[in-house]
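Line by line, the protein sequences give chains S and X.
Each residue of the first sequence is one higher than the one before, starting from 1 at the first, in our numbering.
Each residue of the second sequence is one higher than the one before, starting from 1 at the first, in our numbering.
Worth double-checking, as some hints may not be accurate.
Stated by the list, open to error - Derived lysine to any residue pairs resembling SDA-like cross-links, with alpha carbons at most 25 angstroms apart: (1) K10/S - T2/X; (2) K59/S - F6/X; (3) K40/S - V7/X; (4) K11/X - D63/X; (5) K34/S - K11/X; (6) K62/S - R50/S; (7) K10/S - M1/X.
To be clear, the hints were calculated from the coordinates, so they are not data collected in a lab.
Source: prediction; values computed, not measured.
2 protein chains.
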Amino acid sequence: MTARIFVTRKKGVLDPQGQAVARALGRLGFDEVKDARIGKFIEVTLDGDRAQAGARVEKMCKDLLANMVIEEYRFELVD
Amino acid sequence: MTARIFVTRKKGVLDPQGQAVARALGRLGFDEVKDARIGKFIEVTLDGDRAQAGARVEKMCKDLLANMVIEEYRFELVD
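With the sequences and hints as input, model every part of the structure.
Laid out in structure tokens, this is it:
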């Protein structure tokens with residue numbers, strides 16, 4: 001089973017890397033770009049029971065993968 | 001409109017950051033973790049015509065967001 005985890009900055013938290021990307025896209029002629037935000041995409045391959053996987057992945061995010069002060073996460077489980 | 005872009009390393013390209021995360025999860029007691037791979041998740045807010053947005057986002061990925069030598073991308077457009 002695979003957990004696809006998305007870690008992004010919370011709304012309201014500055015994202016300088018995203019701002020740099022938005023500016024760079026503008027300079028490259030992509031005038032339609034209004035904003036960009038950058039996060040992490042983590043694919044974790046897991047053994048074991050699907051029923052418990054959700055709670056385990058939740059704990060992985062809180063313990064290691066996301067900084068809960070400035071980031072939030074969401075995930076999906078895929079077979 | 002928002003483009004959600006996922007940039008990941010191509011299969012077969014080493015991912016040391018992912019390996020470090022997999023090992024760290026193992027040390028924290030998540031023995032069910034077999035592998036982890038880390039990519040970027042980029043949300044770009046766009047103006048303009050949806051019909052052309054796909055081709056434009058494709059070009060953004062190739063020109064700036066992904067390193068096509070070692071990375072691949074996929075994206076979805078959301079209203």
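Hint check results:
1. A C-alpha spacing of about 17 angstroms is found between K10/S and T2/X, which places the hinted pair at or below 25 angstroms, so the restraint holds.
2. Only pairs whose Cα atoms come within 25 angstroms are accepted, and K59/S paired with F6/X is accepted, the gap being roughly 23 angstroms.
3. This hinted pair checks out: K40/S and V7/X have alpha carbons roughly 9 angstroms apart, not beyond 25 angstroms.
4. Between K11/X and D63/X the CA atoms are separated by roughly 21 angstroms; this keeps the pair inside 25 angstroms, and the hint holds.
5. Pair hint K34/S plus K11/X does not hold up; C-alpha atoms about 32 angstroms apart against a cutoff of 25 angstroms.
6. Proximity of K62/S to R50/S is assessed by CA-CA distance (about 19 angstroms); at most 25 angstroms being required, the pair is judged to hold.
7. Proximity of K10/S to M1/X is assessed by CA-CA distance (about 20 angstroms); at most 25 angstroms being required, the pair is judged to hold.
Consistency note: the structure conflicts with earlier hint 5 alone.
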